[in-house]
Each structure stands twice: as structure tokens, then as C-alpha cells.
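Undergrad: Here is how the chains run, residue by residue.
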Amino acid sequence: MATRTGHAHPTTRTYWLVALVLAVITAVEIAVPYLAALDPVRVPLLLLLGGAKFLIVVAVFMHLKYDLKSYRFYFAIGLAGTFVVFAVVLASFQAF
Amino acid sequence: MAIDAVVDQPLEDPSAAIHRTRKTAMWAFLGSEVFFFGSMISTFLLYRNTTLDGPGAEIFNIPFTSASSFVLLMSSLTMVLADHAFGNGDQRQGRIWLVGTALLGTTFLAGQIFEFTEFVHAGLTIRSSPFGSSFYMLTGFHGAHVAVGVLLLSMLVFFSLRGRYDPDQGMNVELVALYWHFVDIVWIVIFTVVYLLQI
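Respectively, the protein sequence lines represent chains B and W. Position 94 (the first sequence) corresponds to 94 in this note's numbering; numbering is contiguous. Position 27 (the second sequence) corresponds to 27 in this note's numbering; numbering is contiguous.
Hints are computed from structural coordinates only; laboratory data are not their basis. Idealized CB from N, CA, C, for every residue including glycine. Treat the hints with caution; some may be incorrect.
Stated by the list, open to error - Derived DEER-like restraints, expressed as beta-carbon distance ranges:
hint, chain 1, residue 1, chain 2, residue 2, range
1, B, Val85, W, Gly163, 38 to 48 Å
2, W, Pro167, B, Ala36, 49 to 59 Å
3, W, Gly54, B, Ala8, 25 to 35 Å
Unchecked claim - Chain B side only, calculated, beta carbon under 10 Å to chain W, not exhaustive:
hint, residue
4, His9
5, Thr12
6, Leu22
7, Leu35
8, Ala37
9, Val41
10, Gly50
11, Tyr66
12, Asp67
13, Ser70
14, Thr82
15, Val88
Could you put together the complete structure from these sequences and hints?
TA: This is the structure in C-alpha cells:
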């Protein structure tokens, strides 16, 4: 589907497929804390799965993959600022 | 010559330019919101172990919160389908998906109210410990964002039903969809960091 700004957006079939992928990732996420065998990699695995869901929603459902690059810039500034705040706050309180 | 050069430039459709400006403003707003929630998540991480001998993450009901998370995640699907339908000029189909999104959002909020009530009965209040304060501030602010989203969705349905929906004026479906998906991605982070990583 082309929008008023001339950028093509995915079809409804793509949206349903993406939702299915998100549902599967969520199911894996919920299972991970209960699987003792995955304890050594639990934290990085959960962060990876959560990060994947985050990126999929932003890229496909929010159309950031298909829209103007300037939109990515504004969102990226917020994200970068957040990581700086994370680092400064947690380092200040010696939480690392 | 210079004037000729300017005149030869193709003029951009004014409505497309306005649309792009409003969308840019929404993305800038969402960028600031990332910062806002990021600050609260880092605060929660700081105080996650400061329970003052009161209840902590052990009282979380992961299966229940997982179901709530799934409901909110699927509301992103209904929202994007509503956006797609309105983009194709099918307002009737779009309204159905908007109502579905609002109902899923309301279900999530009902689950959050139930969860908060259970936690308060278990002794975790906003004043019981820094853990409680940071937990309720973060999840409560997120819940408030969901409530605002449900209100915006309801307004869109109302305006569309009355034949007063104009994508070029006020909040249109695309902007509300961006806001709604943002609320969803914030919960994706909260669910991982606050719930799953703490058990």
C-alpha cells in the first residue's frame, strides 16, 4: 500500500505473519525463565528476544523501515539519550 | 534566470508536506518519551533490590502478566490493521479494528488494576519501599499512557461514526497508531526488564 508520502507499506498478510512471529518470540520468552538448562544464558537471551520484538514492532508496525529516514533520526536520538542516562545513572550509583 | 529556476521546481503537495511535518513532530515526541521511560527504567534497576524487608519481585505472577503482555502485543496487530484500512479508505473496517484495539487496551488496563490490587494486598505499596515506588511509578505511568491511547482510539471511532473524521486535521489514525505501537514497545521492555529478568 502506498501512503500519501509515496512510501510503500506492507500488506495485511505481512502484518499477520509478523504478529505470528511476535507471538512465537513471546512464548519462548515466557518459557526461558522456567528452563533450568538455559540459566547460564538467561539474561542475554531474554534481552535478545525482547530487543528483537522491539525492533520488529518499530520497523514493521511503526513503518520506520519504510518511511523517511529523518523519522529514524528522531527516534534514534531518544534511544541514544536513554542509553546515556542508563550508563550515567547506573555508574553513578555503582550499580555495575 | 534565478526566478525561472525557482519556478521550474516541482511544487510539493501542501497536504503531503503538512502530513510529513505532523509525523515528524510525533516521532520527535516519541523520541522524548523514550527518554522519559528510559529514566524510569534505570531508576527501577537501581532500586530493584531495595525492598526494606518487604515484598519484592517474588510476588510477581508471571503467567498472568504474560497473558496481559500478549493482549497488548496483539493490540498492535489490530491497530496496524485499522491504520491499513483507513489508508485504503475503508473506514467501516478501520472502525472495527479500532474498537478491537480499544477493547484489548482496556483488557490490559483491567489486568493491571487487578495485578496492583493483588500486590497491595501482599504488602507492596508505593510507599512500602524504593522497589515499590519505582515499580508503581514505571508501570503506573505506562498504564496512564495506555488509558490515554484508549481515549484517543475512542475519539477516532466517534469522529468516524459521525462522518467528521478528516485525516488532514487533528489526530489521525496514523499518528494515534504510532503512539499506540510506542506504548506497546515500552511494555516489551518493561516486561523483559522488570518482570522476566527479576524472577
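Undergrad: Next, verify each hint and record whether it holds.
TA: Going through the hints against the structure:
1. Val85/B with Gly163/W: 38 to 48 Å: 45 Å, holds
2. Pro167/W with Ala36/B: 49 to 59 Å: This hint holds: roughly 52 Å between Cβ atoms.
3. Gly54/W with Ala8/B: 25 to 35 Å: Given about 53 Å between the Cβ atoms, the range is violated.
4. His9: Cβ of His9/B sits 7 Å from chain W, so the hint holds.
5. Thr12: Interface hint status for Thr12/B: holds (6 Å vs cutoff 10 Å).
6. Leu22: Hint holds; Leu22/B Cβ to chain W Cβ min 6 Å, cut 10 Å.
7. Leu35: At 12 Å from the nearest chain W Cβ, Leu35/B fails the 10 Å test, so the hint is violated.
8. Ala37: 16 Å, violated
9. Val41: 13 Å, violated
10. Gly50: 3 Å, holds
11. Tyr66: 12 Å, violated
12. Asp67: At about 8 Å, which falls below the 10 Å cut-off, the nearest Cβ of chain W leaves the hint on Asp67/B intact, so it holds.
13. Ser70: 6 Å, holds
14. Thr82: 3 Å, holds
15. Val88: 9 Å, holds
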